[in-house]
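Trainee: Taking the hints into account, I'd like the entire structure generated from these sequences.
In terms of our numbering, the sequence shown opens at residue 12 and continues consecutively.
If you're looking for bench data, these hints aren't it; they were derived computationally from the structure.
Derived lysine to any residue pairs resembling SDA-like cross-links, with alpha carbons at most 25 Å apart:
#  : residue 1 : residue 2
1  : Lys254    : Asp128
2  : Lys183    : Arg255
3  : Lys113    : Gly220
4  : Lys254    : Thr179
5  : Lys282    : Gly312
6  : Lys292    : Arg279
7  : Lys254    : Arg171
8  : Lys187    : Phe175
9  : Lys183    : Thr120
10 : Lys282    : Asn318
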Amino acid sequence: KMASRKLALLLFTVLALLELSSAFHRNPLQETNMRNGKIGGDLGLQQPPSRVSVNMVDVLWNYVGVTPNNASHSRTILNNACSRGFTFVRFAAVAYWPIQLKQAYLANTSWWWEQVDLFLHDAEAAGCVLMPTLWWNNFVFSDVQGESFQSLFVEGSKSRTVLFDFVTETVKHMGKSRAVVAWELWNELNLFVDENMTGNTFGCAPGMGTPAVRTQADNVSTDDLIALQRDLSAAIRANDPLKRPLSSGSSIPRVDAEHLRASYHAARRDKTPDNRSQFLKNLIDTNQFVDWVSIHMYSNGDNMRWNYTDPLGAGLLREVALMASNYLRKPLYLGEFGDAAPGPRTYSRNILQVLAQPDVAVCAPLSTIWIWEFYQSSPTQASDYSLIPGRDDDFIHTMQAFNQRSA
12 KMASRKLALL
22 LFTVLALLEL
32 SSAFHRNPLQ
42 ETNMRNGKIG
52 GDLGLQQPPS
62 RVSVNMVDVL
72 WNYVGVTPNN
82 ASHSRTILNN
92 ACSRGFTFVR
102 FAAVAYWPIQ
112 LKQAYLANTS
122 WWWEQVDLFL
132 HDAEAAGCVL
142 MPTLWWNNFV
152 FSDVQGESFQ
162 SLFVEGSKSR
172 TVLFDFVTET
182 VKHMGKSRAV
192 VAWELWNELN
202 LFVDENMTGN
212 TFGCAPGMGT
222 PAVRTQADNV
232 STDDLIALQR
242 DLSAAIRAND
252 PLKRPLSSGS
262 SIPRVDAEHL
272 RASYHAARRD
282 KTPDNRSQFL
292 KNLIDTNQFV
302 DWVSIHMYSN
312 GDNMRWNYTD
322 PLGAGLLREV
332 ALMASNYLRK
342 PLYLGEFGDA
352 APGPRTYSRN
362 ILQVLAQPDV
372 AVCAPLSTIW
382 IWEFYQSSPT
392 QASDYSLIPG
402 RDDDFIHTMQ
412 AFNQRSA
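Mentor: As structure tokens, this is what we get:
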């Protein structure tokens with residue numbers, strides 16, 4: 012009897028190890044989402060949008076008087092994009108600078124929601140669907156309260172209170188619109204964790220309500236981010252009866268993300284490049300409480316990690332898409348990519364070629380290019396990366412053809 016028990020235990024252990032091993036090597040085309048019984052790249056939307064669409068960070072800002080443009084301009088760009096089939100719009104749902112947040116929202120909340128309602132009406136009329144990014148400038152809620160960045164991660168702080176109040180009110184209000192199909196927590200918060208912010212001036216513009224320089228009190232960790240993602244996601248779901256899917260809004264993990272995380276409390280941060288296993292651990296840990304695995308990618312040296320030598324990042328993008336499906340059972344959302352200058356747009360064309368690959372098409376069903384008709388500083392001078400109808404029709408037609416082939 013003892014021998015038979017040992018044999019049964021041995022067989023059970025072998026089978027378990029085989030199952031564990033196969034879980035790390037399955038074809039994502041054969042994977043099913045543990046949550047809803049669908050492919051790991053399923054977005055969880057009733058009507059999936061076109062596979063490549065657009066960012067319009069400023070489309071709400073134009074209604075609330077914090078840009079060089081106005082609501083009429085937003086109506087134009089909404090119609091320009093959505094009439095061309097780029098119907099999924101990622102945008103900032105909150106003002107960028109503390110002084111703007113104070114003047115446009117905190118000091119006149121009823122007026123803010125009136126402008127939001129005008130925007131939602133116009134987006135619906137243009138046939139667009141929307142994903143509000145609920146927190147864009149990572150420092151805006153702490154700066155507007157005159158507190159450190161760390162305070163956002165402390166229960167009961169003024170900064171955390173205004174953040175959660177804004178997020179829950181936005182979800183309740185914008186959630187009434189049929190145009191809103193998903194929520195996004197933040198914009199690239201993962202790029203600001205585990206660093207020593209002492210003496211850093213990132214996001215500092217004292218005339219716009221920020222401090223002149225960051226300090227050690229602005230240091231936050233990956234573990235802080237994970238806890239905040241958990242709490243924000245719970246607050247959003249509690250206030251959204253439709254339980255729309257959530258994107259993190261994170262960028263692709265930094266080359267040294269896990270080494271920085273491990274050395275957060277050290278006198279000097281460890282910037283050793285991560286291997287694949289460390290990258291995957293970071294990707295899993297920082298996407299626990301969301302439905303879409305968000306990354307942002309641009310053409311730079313960060314794409315040349317592991318054995319990849321192409322700064323365009325074709326191989327890296329494909330591998331991360333498969334990771335999201337295989338290990339997280341979630342779709343990859345490429346929230347930002349693009350070329351700074353008009354012309355051939357070599358990088359963006361390269362990205363579309365990767366997204367067209369059959370296995371990647373399953374795992375990465377949605378992407379939004381940076382950025383559609385963006386006039387950040389002037390009502391007539393387009394900002395870098397902008398896609399402008401008339402000027403950039405060749406690449407716009409390439410995007411349309413990609414969507415038609417993917418339909």
